[in-house]
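Chemist: Sequence:
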Amino acid sequence: MSKNLVIVESPAKATTISKYLGKDFAVMASYGHVRDLVPKKGAVDTDHGFAMNYQIIERNEKHVKAIIRALKKADALYLATDPDREGEAISWHLVELLKEKKALEGKPVHRVVFHEITKPAVRAAIDSPREISTDLVGAQQARRALDYLVGFNLSPLLWKKVQRGLSAGRVQSPALRMIVERELEIEAFKSREYWSIEADVSKEAQPFVARLVQYGGNKVEQFSFENEPAAREVESTILGAADGKLTAVDVTRKQRRRNPAAPFTTSTLQQEASRKLGFNTQWTMRVAQKLYEGIEVPGEGTVGLISYMRTDSVTLSELAVAEIRDVIAERYGSHNVPEAPRVFKTKAKNAQEAHEAIRPTSAAYTPESLRASLDDDQFRLYSLIWKRTMACQMVPAVFDTVAIDLAAGALESGHRFRANGSVLVEPGFIAVYKEGSDDSGDDDTDRLLPDVSEGDVINLDVLRPEQHFTEPPPRFTEASLVKTLEEYGIGRPSTYASIIATLKNREYVEMDAKRFIPTDIGRIVIGFLTDHFAQYVDYDFTAKLEDDLDAVSLGEQDWIPLLERFWGPFHDLCVDKDTSVTREQVAQARELGVHPKSGKPVTVRVGRFGPFVQIGTKDDEDKPKFAGLRPGQKMNEISLEEALELFKLPRNLGDTEDGLGVSANVGRFGPYIRYGDKYVSIRGDDDPYTIELPRALELIEEKKIEDANRIILDFEDDGIQVLNGRYGPYITDKTKNARVPKDREPKTLTLEECKELLAAAPVRGRRGSKKTAKKAAKKAATTKKTKKKTAKKKAKKKSKKKAAKKKTVKKTSGD
0 MSKNLVIVES
10 PAKATTISKY
20 LGKDFAVMAS
30 YGHVRDLVPK
40 KGAVDTDHGF
50 AMNYQIIERN
60 EKHVKAIIRA
70 LKKADALYLA
80 TDPDREGEAI
90 SWHLVELLKE
100 KKALEGKPVH
110 RVVFHEITKP
120 AVRAAIDSPR
130 EISTDLVGAQ
140 QARRALDYLV
150 GFNLSPLLWK
160 KVQRGLSAGR
170 VQSPALRMIV
180 ERELEIEAFK
190 SREYWSIEAD
200 VSKEAQPFVA
210 RLVQYGGNKV
220 EQFSFENEPA
230 AREVESTILG
240 AADGKLTAVD
250 VTRKQRRRNP
260 AAPFTTSTLQ
270 QEASRKLGFN
280 TQWTMRVAQK
290 LYEGIEVPGE
300 GTVGLISYMR
310 TDSVTLSELA
320 VAEIRDVIAE
330 RYGSHNVPEA
340 PRVFKTKAKN
350 AQEAHEAIRP
360 TSAAYTPESL
370 RASLDDDQFR
380 LYSLIWKRTM
390 ACQMVPAVFD
400 TVAIDLAAGA
410 LESGHRFRAN
420 GSVLVEPGFI
430 AVYKEGSDDS
440 GDDDTDRLLP
450 DVSEGDVINL
460 DVLRPEQHFT
470 EPPPRFTEAS
480 LVKTLEEYGI
490 GRPSTYASII
500 ATLKNREYVE
510 MDAKRFIPTD
520 IGRIVIGFLT
530 DHFAQYVDYD
540 FTAKLEDDLD
550 AVSLGEQDWI
560 PLLERFWGPF
570 HDLCVDKDTS
580 VTREQVAQAR
590 ELGVHPKSGK
600 PVTVRVGRFG
610 PFVQIGTKDD
620 EDKPKFAGLR
630 PGQKMNEISL
640 EEALELFKLP
650 RNLGDTEDGL
660 GVSANVGRFG
670 PYIRYGDKYV
680 SIRGDDDPYT
690 IELPRALELI
700 EEKKIEDANR
710 IILDFEDDGI
720 QVLNGRYGPY
730 ITDKTKNARV
740 PKDREPKTLT
750 LEECKELLAA
760 APVRGRRGSK
770 KTAKKAAKKA
780 ATTKKTKKKT
790 AKKKAKKKSK
800 KKAAKKKTVK
810 KTSGD
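For the sequence shown, position 484 matches number 483 in numbering that gives the first Met the number 0, and the numbering has no gaps at all.
Misleading hints may appear alongside valid ones.
In silico lysine-lysine, DSS-like type, Cα no more than 25 Å apart, as pairs [to be verified]:
| hint | residue 1 | residue 2 |
| --- | --- | --- |
| 1 | 622 | 599 |
| 2 | 677 | 159 |
| 3 | 346 | 159 |
| 4 | 617 | 159 |
| 5 | 482 | 433 |
| 6 | 159 | 503 |
| 7 | 39 | 159 |
So the derived label-pair ranges between C-beta atoms look like this [stated by the list, open to error]:
| hint | residue 1 | residue 2 | range |
| --- | --- | --- | --- |
| 8 | 471 | 738 | 38 to 46 Å |
| 9 | 738 | 563 | 50 to 58 Å |
| 10 | 683 | 741 | 52 to 60 Å |
| 11 | 667 | 188 | 23 to 31 Å |
Hints listed in this document are in silico derivations from the structure and should not be mistaken for laboratory results.
Even for Gly, the Cβ is constructed at its ideal location relative to N, Cα and C.
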């Protein structure tokens with residue numbers, strides 16, 4: 000057995016590292032976190048110094064046992080988890096577990112850190128171990144405790160006041176607030192009309208475009224001309240003054256330099272991968288993780304291709320820069336290498352999570368050389384990283400720009416047009432990489448102008464007044480949301496992807512053309528939080544808390560006092576809101592109008608099962624009527640007419656051939672057709688509000704055929720069937736399910752065999768409910784205990800009676 004045991008998070012990382020360390024080192028994976036807080040109340044004991052109650056993660060228990068077995072034969076333990084808070088925490092939790100199991104037995108424990116999986120980096124880390132950082136672990140524990148305290152106190156409130164299954168998070172809630180506030184801005188936006196005046200002009204048959212920048216001596220602003228009459232008046236005045244000609248009165252020539260962007264951080268990688276490749280944040284991180292942990296390269300084995308991908312640093316090591324400059328000189332020419340290396344400064348307040356930007360581990364690994372080793376998405380992301388890294392150490396792009404001012408008529412009239420042109424004369428870094436943008440305002444394409452000198456007369460070919468309307472601010476994309484979160488100081492490199500994933504998974508947002516739209520539930524949740532927990536969804540408060548956690552990781556602050564300052568006021572507020580806020584206040588009911596027949600108010604609101612329309616109130620003598628919103632309908636958009644349509648269900652469609660009534664309706668599990676006492680789900684393009692009898696009969700027939708194909712045997716008198724299921728044939732009597740033995744043909748089973756197999760099968764619990772099974776087991780155990788106790792009591796009573804009887808007999812005989 001190897002003398003040293005090395006622990007990393009993933010088997011892929013283990014494979015790559017093991018080939019660098021030789022036979023004295025065995026490398027094993029922990030498969031991520033090994034412990035987490037118990038998922039119940041009291042996991043963080045706020046009354047006893049925020050003691051945290053951890054338990055081993057069930058799915059990783061076998062991996063911990065394997066590590067313990069391997070450690071028995073090793074002399075030392077090396078912890079080589081990721082170089083950030085999460086990685087530090089994984090190492091710490093593993094050591095704590097090993098101590099509990101008495102598996103360390105005085106063996107030395109070394110923490111080793113590297114930011115790229117290459118032989119030099121791994122060997123250097125092994126040669127320079129350190130101890131586990133209590134500051135980084137403290138920061139991660141504080142973060143986990145805060146997330147738990149917020150989640151386990153706010154989420155039950157949301158369940159109680161809005162609907163079950165909802166959650167609130169320390170960082171996800173401010174992110175949701177951003178999305179909702181942007182939507183409210185869009186809804187409140189009032190479009191404003193304005194007109195621009197452009198001229199199609201030419202010199203010696205070479206056309207170009209100029210725009211009006213000065214009219215009557217006044218600078219032309221966006222709203223100088225607000226309607227068509229004003230624009231037409233300008234058009235008439237200028238055409239009269241110009242008489243078909245414009246005169247060049249000023250020609251300005253300049254040279255503009257554009258410098259390359261910094262190498263990638265987690266945030267900028269996620270933004271560019273979204274813009275250029277269409278990747279969402281989670282997928283970007285998943286692909287980057289594979290590139291970091293290692294890819295099989297022919298002739299070299301498994302190779303880590305990029306540095307650590309969770310970082311907010313833009314620094315590059317001197318060794319990396321030297322190699323990058325050599326590759327630039329070789330591929331693009333020495334004229335594209337600047338005299339001195341470019342140095343970028345990190346904007347993030349605390350870029351301690353990793354020491355370098357995301358870069359290729361070797362610039363010599365060009366995307367083309369790795370094409371056969373990478374799948375499409377790996378190749379595209381690696382190409383993006385490689386090109387951005389090369390570009391950041393190249394010379395600037397140089398543009399020749401020219402601005403021509405053209406007068407319409409006499410100079411004193413004060414009417415001027417301006418034409419702008421630019422030509423890329425030295426591509427520099429743009430030959431390799433150009434940064435993306437969320438808007439289309441940044442355009443480096445050549446805009447050629449003819450050679451014009453002051454005094455030249457230019458032809459005015461067409462004058463074009465054009466109508467425009469102001470547009471609302473755009474909805475957030477994943478890229479722009481990550482950028483805004485980073486600008487506000489909310490979240491950190493390791494959390495951006497999970498914030499967005501949580502918002503999607505909770506159905507607080509939906510995507511339209513890759514942009515976020517808040518759902519009704521998302522609006523209700525953020526409305527509740529901003530009304531009653533304003534401080535805790537405040538951007539500055541959240542950012543300040545992130546800064547405090549960073550201070551803990553740097554050893555500038557203790558984590559227990561940080562939790563104490565947070566917990567007291569937060570807990571008091573939760574207790575107060577539990578009793579002082581009603582469901583009615585949270586439901587955000589909106590009155591749509593009055594029901595035309597009953598005269599009762601019609602409102603839209605949110606309930607335990609989502610948004611719904613209600614006719615009447617709870618104070619009415621008759622019970623109010625309810626109808627859920629259809630897919631795509633929004634609480635803030637639905638009209639009275641649309642709301643009343645919802646109450647047309649159930650719709651009677653007619654009868655089947657054998658006289659069974661057919662109707663269409665929507666139930667808790669979606670739309671359906673009912674015929675007699677049987678049901679058929681309505682799926683796809685069919686709609687319960689518009690479906691007619693012929694289509695309904697088709698669906699019924701399809702269902703009958705499907706059911707017929709499903710039944711293999713039917714012992715009707717005994718209520719037993721052999722059916723085709725999703726996972727193969729099985730036997731059922733509606734209370735138990737039994738698998739058909741593999742060596743038996745289902746059609747040949749006898750009734751007696753089916754009964755035997757069912758007798759041996761467990762009782763069927765409710766679908767998808769492990770809790771039901773646990774409860775049943777607990778109930779059975781309790782019943783067993785109670786029966787035992789009762790039997791003991793009876794036995795005791797009986798023996799007492801016997802003893803008393805004997806005593807009486809003795810006494811009688813003695814007399």
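Chemist: Please list, smallest to largest, the hint numbers that this structure does not respect.
Modeler: 2, 3, 8, 10 and 11
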